Amino acid sequence: MEDSVEDLYQHLIIERARAPHHAGRLVHIDGEAEGNNPMCGDQVHLMFARGDGDVVQEFAHQTHGCAICIASADLLGDVVLGRHLDEITSTVDAFEEMIRTGVRPTRRSEFDKLAAFAGVHAYRSRHRCATLAWQAARTAIIRMMEAHHG
Amino acid sequence: MEDSVEDLYQHLIIERARAPHHAGRLVHIDGEAEGNNPMCGDQVHLMFARGDGDVVQEFAHQTHGCAICIASADLLGDVVLGRHLDEITSTVDAFEEMIRTGVRPTRRSEFDKLAAFAGVHAYRSRHRCATLAWQAARTAIIRMMEAHHG
Amino acid sequence: MSVATALSGCLDVERIREDFPILAERVHDKPLVYLDSAASAQKPRVVIDVMARAMEKQYANVHRGLHWLSERCSDAYEGARDKVARFLNAEREEIVFVRNATEAINLVSYTFGHAALEPGNAVAVSQMEHHANLVPWQMLRDARGIELRIVKVTECGEIDFDDLAQVFADRRVKLLAITHMSNVLGTYTPVERLVAFAHAHGAQVLVDGAQAVVHRRVDVRALDVDFYVFSGHKLYGPTGIGVLYGRRTLLQSMPPFLGGGDMIGSVSYERSTWAEPPYRFEAGTPAIVEAIGLGTAIDYIQGIGFDAIAAHERALTDHALRTLSGIPGLKIIGNAQDRGGIVAFTLNQIHAHDVATLLDKQGIAVRAGHHCAEPLAHRFGVDSTARASFGIYTTSAEIDLLAAGIERLKKVFS
Amino acid sequence: MSVATALSGCLDVERIREDFPILAERVHDKPLVYLDSAASAQKPRVVIDVMARAMEKQYANVHRGLHWLSERCSDAYEGARDKVARFLNAEREEIVFVRNATEAINLVSYTFGHAALEPGNAVAVSQMEHHANLVPWQMLRDARGIELRIVKVTECGEIDFDDLAQVFADRRVKLLAITHMSNVLGTYTPVERLVAFAHAHGAQVLVDGAQAVVHRRVDVRALDVDFYVFSGHKLYGPTGIGVLYGRRTLLQSMPPFLGGGDMIGSVSYERSTWAEPPYRFEAGTPAIVEAIGLGTAIDYIQGIGFDAIAAHERALTDHALRTLSGIPGLKIIGNAQDRGGIVAFTLNQIHAHDVATLLDKQGIAVRAGHHCAEPLAHRFGVDSTARASFGIYTTSAEIDLLAAGIERLKKVFS
Ligand SMILES: Cc1ncc(COP(=O)(O)O)c(C=O)c1O
Ligand SMILES: Cc1ncc(COP(=O)(O)O)c(C=O)c1O
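Residue numbers (the numbering used here), protein chains in the order written: chain A, 1 to 150; chain B, 1 to 150; chain C, 1 to 414; chain D, 1 to 414.
Chain A on its own, in the form it takes in the complex (with noise of 0.2 Å):
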């Protein structure tokens, strides 16, 4: 079995649905957004705190739902600390662009990690579970950056 678990349920899959890194909530909220799959009870609740130029400084998800949709809201934790909201949105778009392709993005570090998702492709019924943390990523920079901005 061990091999066969390789194309989709990756190690690192396993180990973040199991012990996520990112969980929890934060005590200051600069922006957050909820998804849910009422098809599978998947959901999904996330935190964003903001430094200065729209960089993400803190980061938290609470999630509820099946390992695919645990891990990827928790590695999308990984990829958004530090970084700017603008590439954030770019990941995002990139990330969705590999669920429906199968094909990892090229240069794009993040995605040393991210491709251990590339093979949720082949089950167009699991891609909703892959994607939904970074759709609700989606809404929360938008409502961050009106918030800033406008």
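Treat the hints as calculated values from the structure; they're not laboratory data.
Among the hints, erroneous ones may be present.
Just some of the chain A residues that point at chain C, by a computed CB distance under 10 Å [to be verified]:
id : residue
1  : P38
2  : A122
3  : R124
Everything numeric in this text was worked out from a predicted model, so none of it was measured.
Where a beta carbon is used, it is the ideal one built from N, C-alpha and C, also for glycine.
Chains B, C and D with the ligands: place on chain A using the hints.
Coordinates of chains B, C and D with the ligands only, in the frame set by chain A:
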């Protein structure tokens, strides 16, 4: 073509459709009934005059429709004249049964002619053309019986 | 299993015929001459095979299956939706799978009709509609207290634009539901002109493409229609599958039609929310294998190309009109300028049913009756007609056989 | 293409498996273990072949075709209706062909529901209905101002008859719409008892037989139901075809559902009259080839026999319940006295989606989610479950593979 016409459009049918023997109207009418098939525009109007003891003495029909329909109304006329209403009902049953099964009833001399319609069985969508007049005949007979006895 | 190729805009009928197994059959010990494609078209080998293969190799229920077979079967099903969308130049979200054109029209009547129309509004149809595009609007009229108006057709079988103007004059018509090609007269209606007219008068337009889509390239964007419907089985595809195209914003504004699995957002005992289109309108297990078959049928005819198909149809129709109108006592119903491969006719004293049966005895399949357009028949003063209709596999030799068959059956009655 | 025979009330599974081409397929390079028959069953060779043959040899549109192909195709289509009628012990006039169970229930809701129910009346369903037998009644409630009442199920997953009595106490319930077998809990409901109860309280009964009809002989006269619905695709038949049985007098009293060809008596521009049942409810070109395929599927399973099928299912279910309940952390939802070959379960901390995907990787197809019965899942305090379901081709060795597969995937998460 002539051979293949044999099974369905026997000479008898064509002849009677072109020149029906019983087409027209009666002056004195003891029972009548109409039948029509809105699907194809076939219409029959049957008229009966009765002598003593429930025996049919006169018959006429006005039929608008296809050759099968006209010929079948006309040959109905051949078999009702001079026959008792009860007997006719049993012929109607046998005729409908023949259309349903494609099998000519045995030991019924009136079917020497009526057997011309046995081939209609193979054309479910033409059954109605063949039986329209016969169904109307049943209605007319019931009316005559009721008028007489009840 | 060869897919016929288009040879310089002209179609290689003999090669196409080889793709259709049924055309090798004999009827009453005569070669089959199938002239009833407007009722339903025959199926090419590729369609039959793809359906069998789907059931032999990759079958499961679609959507949220989470296992490999279900994922592959869902891909094939949704892939068919993509094919239909490209075929009509629509978005995939605008393509709803239904059973047939009839269900598609009823779907619009039960959803758009009930939600967007109110007492005092009117729906307009033409005199040459198939019952499928008349009866649902009568039912809506009786249920909702709207008005149903009938646009006249001229003696040659074209839309009477003067009458159209009258029907729309008070601006109470909110929906024009009209055929793209009459299944009796063969008339193509000028859809672009009709749509522009209706839109200018504040009405949406539903086009019944059951016949037209088989013969001509349909571009719903170019035509600017609001709804377009057709059936798979007339397009060389399977039975049990049809298509409703609906403009995205319209579909989004419409309540659901059938309730059940797959069309919901979430469900509690108290209430439910609806999925986005197209799923909102596809309740329960769809006609999966049939949708896949329809996708293949579309591939097949696009492989031939509509230029070739249209040219072939034009040539056949010209030949048929010329040949048949030379037969004494034969009268063709309708002679529109723009007409296609459907020829309905009467024959002197001989009832259409007898014509059809006696042609059948010669192996020639035509249809007879009112062709599900009963009031149109009466409009032209007949109860029934015989109708020959042509497909991509029809040859002009078959039309000659039809003419000869008619001459022979006339003799039986003479 | 052998039809498996029943050997002394017991079924020769290996011979049956040979009838199903797909069972020889491999998934992720492992032999397919198909445990998702409750979502949709696989198709035997005879069904696939009869559909291909219909399209290759005898295809045309049905009804009033007047030519040989149409007559033969109509005979086959109407012959399928006869088979369904015998299968359910009904009259042929009581059998309406629809797309699936979902459409059948909606048809009743749109016709009987709108014509026979009035504000103040109530419809009752149970807590364990598939969305197909819940959402249409919610829609009817919202459209017609009737009430929708939910009959509770007990913790073991059976109808709560005390609650049923309360729901019916004020005699305002005019229709009980209830499943014959739950697609999640596997529970068979006591239909005869329910029908007697409902009739005694002045209500009609619609039974959703989508699951039950696959496993047990259904006699609509003996059950005394008013409506019974099922889908072809779960009964080893094609997609795109389903059945509504309706008591003759009820069908006759009902207005039509979809308007169009074939369901009319006569049509004028002003008004139309309706055909008699079943045709009144079959508008447009039906799923002809699919109906023929369903007829063959019924022949096929009757050739095996329901005694053998029921015995096989009982043995498999017992084996599955015993084997799976021995797995630590695995919890089976529902344990009704009378239950069949459907086992839904949760696995400790592991989400059902992950269970399904990781089983799929081992070639084992199960379903995960709320199985279109979302409120029922919540009733049992879960969001989703994994579900294994069995068909006539399922072996107890496959259930052992499932158990082993679950043990292996647990290791991944440990
Ligand atoms: C109990 C039950 N009812 C109704 C349905 C709906 O069947 P279909 O999707 O074929 O309409 C199903 C199938 O999932 C079912 O299991
Ligand atoms: C113009 C037109 N509209 C609608 C229909 C109805 O098609 P279907 O029976 O496939 O629903 C037909 C087919 O007879 C047709 O010719």
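So, going through the hints one by one against the coordinates:
1. Checking A/P38 against chain C by beta carbon gives a least distance of about 4 Å; that is within 10 Å, so the hint holds.
2. Taken as an interface hint, A/A122 checks out: its beta carbon lies about 7 Å from the nearest beta carbon of chain C, inside 10 Å.
3. Among the interface hints, the one on A/R124 holds; its C-beta lies about 6 Å from the nearest C-beta in chain C, closer than the 10 Å criterion.
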